[in-house]
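Working from the sequences, and respecting the hints, build out all of it.
2 protein chains.
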Amino acid sequence: MRQIIILFLFFNSILNAQYLLPQPQEYNLLQGKFKITEEIKVRIPNSSEDLYQYTSRFIERMQYKSGIIFKTHEPQDTSTSKEIVIITNKFSENLDLETNESYSINISSSSIKITSENNVGAYRAMETLLQLINTDKGEAFFINCNIIDKPRFKWRGLLVDVCRHWIPLDIIKRNIDAMASVKMNVLHLHLTDDQGFRIESKKFPKLHEMGSDGKYYTQNEIKDIIKYANERGVRVVPEFDIPGHISSWLVGYPKLASIDQNYELPKGYGVFKATLNPSQDFTYRFLDTLLTEMCLLFPDKYFHIGGDEILVNDWNKNKKIQRYKDKYMLTSNKDLHAHFNKKILSILSRNKKIMMGWDDIYNPKLPNSITVQFWRSKESLFNAAKNGYNSILSNGYYLDKVNRIENYYKNTPLPKGNSLTEQEQKMILGGEATMWTEIVNYRTIESRIWPSALAIAERLWSNDKECNIDTLYKKIPIISSQLEEFGLMHLNCQGVMLRMLSRNSVID
Amino acid sequence: MRQIIILFLFFNSILNAQYLLPQPQEYNLLQGKFKITEEIKVRIPNSSEDLYQYTSRFIERMQYKSGIIFKTHEPQDTSTSKEIVIITNKFSENLDLETNESYSINISSSSIKITSENNVGAYRAMETLLQLINTDKGEAFFINCNIIDKPRFKWRGLLVDVCRHWIPLDIIKRNIDAMASVKMNVLHLHLTDDQGFRIESKKFPKLHEMGSDGKYYTQNEIKDIIKYANERGVRVVPEFDIPGHISSWLVGYPKLASIDQNYELPKGYGVFKATLNPSQDFTYRFLDTLLTEMCLLFPDKYFHIGGDEILVNDWNKNKKIQRYKDKYMLTSNKDLHAHFNKKILSILSRNKKIMMGWDDIYNPKLPNSITVQFWRSKESLFNAAKNGYNSILSNGYYLDKVNRIENYYKNTPLPKGNSLTEQEQKMILGGEATMWTEIVNYRTIESRIWPSALAIAERLWSNDKECNIDTLYKKIPIISSQLEEFGLMHLNCQGVMLRMLSRNSVID
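Chains as they are written, first to last, in my numbering: chain P, 515 to 1022; chain R, 515 to 1022.
Hints were generated in silico from the structure; no laboratory data involved.
Check each hint, because a few of them may be wrong.
Identical copies carry no separate label here, and so any pair may be met within one copy or between two of them.
Computed list of lysine-lysine pairs in DSS-like fashion (alpha-carbon distance at most 25 Å, straight line) [said to hold, decoys possible]:
#, residue 1, residue 2
1, 729, 585
2, 555, 781
3, 729, 555
4, 737, 687
5, 585, 781
6, 687, 741
Keep in mind the model is a prediction, meaning the values are calculated, not measured.
This is the structure we're talking about:
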């Protein structure tokens, strides 16, 4: 009987130790365990400010998760007997697509060793370690193991639409923490849309002043978000959606419009007719100044210009635009859009940016230096890859559509048996969960992102053979509740809102 | 039977309508109700930017609490048939102790009228209204009534110690929201103590750089807190605790100390020996520069200099200090402390501030222009009032001591049958709940403040005859859960922390 109990406890522990999300590429359990005691020190022989700070937070979080208060709270630089050592030699000054995120972890009974090529790999390793903490019968420990891990896809993103409903800074920040904890690495901020221009422009202040209800990020707040994200190994890619989805711009600058009239901020949702006028110098000069301002603000190499859902009614109505098409021998509005995008591309190239847009901008008339985000179909993703365009998958990752988790999970950018060559497969950079906010606001957004985005996080990091839907469903409640440590309200918001509504009754 | 049900519903509604905290001075129920519909508009005939913003938030919160989405979200300036009208003529530029917070509310079946002398009274009225929303059988409504209300005490404060454990900005802000919702009006920030100097000084940067673990408010963040608080009718009073509780200052500036040695930030808690040296010009020049810097940063008229728990060991050890005492004929260390405080008083007076300190500074040798906060006993509060000193009660309001709510509630600054004349009673300005943070941190602080501080909020606003412990215990669960709308974690933090600790199990 005693043996059975011991066996049970052992398997139980192994099972617990398996609750890693995303699942590492290689994970080998060993005999024995590393007991977490108050004597533990964390050593970084070769550190940077960011790595030191990440490690300090790691130490604090380890204490909360283990219930053990350490004697030494600061990372050390000299060796001790019972230690977690973080060995990394490079420090990425600027995060980019090529930043190496690989790491290995060796847990033995006496020490834990994290090895990574650079600081970002060390961040990923620390998140894995935090998921590996076991508590049982008043004891906290790691089960000995070796882990070798690296991401399958380089781009593992989350889009947050801060236009339809405003999302305050602190909610963005805690979701960056959540992303980093499951190794997502791109925050795509959808900053402008019909309903709001949500970022301060010093060049054209009427954009945010008249193009919003007063809720927008100042440039200092944007710098704060970028710093916060980068310190956690998360890039920030801005989106300025042009030439459609543009009503908010036109409230302050109606001369940009295809039809010169008064514009108001729309209150409802849908696809609106307002478009930029692509036939006038004024539009391009304006965009040159604005985009250059924003290229300087956002250090990331990628710059997203939207480009989706353009209604051409106003283009067709404006005779100057028709004459412009004739002049440049543009036989369709699709060609006019490509012509417009080429001009934007030259602005962004001058600013050393890679232009990125929704699949509506995908057109063989544009060079394959652009990156395309596919939201309408997956087939065209393969098509683009064959034509040498880098691409991102978002089709099937729409969090606002409230799919079942298994549907998000099944959806891989590169399914088995696809028709792409190895070289073509490399053109597919990864994917992005998209959180459009027509039907969520700051109180409910987190309950829509999480835990669904966990499935996408694992799919984009782990190899297909590590992805198992039954295991995922076991992991979700554990990992989802771990996100609460950052202040996320995805689990609590329902109760909070019910209590707001039902002043008269106690809601449990 | 039907009549009984109707009667029951009616009394049930009356009962619900009674869940106001703090209880208003006069509250008369009338027949009928004002139904909340999507047609409702809120009108402010005479507005200011702050009042407009407060009202906008009020409109948003009304929708959450009623479940009714209004057609018009912005405050209006022209009359409509179904309206809430806010009539106020004055707008306080600078909040102070004399800011009039009185208001009246008249709810009839067709309209709701708020009348107040100035914008702050209107804020208080809106909070009362939000507590009065009833939801029942898919309907939301107010029961008709007249309310005439004003505070009993002018000073209804909450002290937050951000030194022993660091409390981040966003937690301070949401607690300001909570304070305003129960009509508390002073946030007392305890900014310096042995364990940390938690505010940026541009004049002496080693104070925050060496005197903290890197966690402090920048001056911009302080401005942000003050603006946020003032917009909600909450004053911010800073405390710089001198000449004891001073270790953190001495890490960067050891020459300020009574014993010139190296100082480190203490890791534990208790009363430490380190004191400022009151016998040297250097100390006073330093304080003059620093306090002048801080007087400019904080617009409030009151400036708190702490002054508590001075251990005189180091004063006794230093011969220069002994000679200084002889020179000025100071026969005791108490006299030396009073001498020191007189010099600080002259610095603060030059900066047009009212000096405030803990009861340790209370000394007939100081003029009665100072204000004293009594933490050690209530008797000396009356004594001070008789001697013409303004005073604040904190004795009995220590939230860190985890008293029963009824003990906080019973504790009134002016109990019935006290021996003070009417004039002397006016010297007692109010009280302050104190949240010392030795044994709470940013994760647990809210569960210690709330709901206990609700009892103190009601005691300081309402007349004694409106304070009833049985009613209070009925109100607490309702009002406490209402605070969650601001993001407070006082109810949820226990579950969150248990889930952090117990990765392996699901904690309900």
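Status of the hints after comparison with the structure:
no., hint, in the structure
1, 729 to 585, "between (44 Å within a copy, 20 Å between copies)"
2, 555 to 781, "between (55 Å within a copy, 17 Å between copies)"
3, 729 to 555, "between (44 Å within a copy, 22 Å between copies)"
4, 737 to 687, "both (12 Å within a copy, 21 Å between copies)"
5, 585 to 781, "between (56 Å within a copy, 11 Å between copies)"
6, 687 to 741, "both (10 Å within a copy, 22 Å between copies)"
In summary, this structure violates none of the numbered hints.
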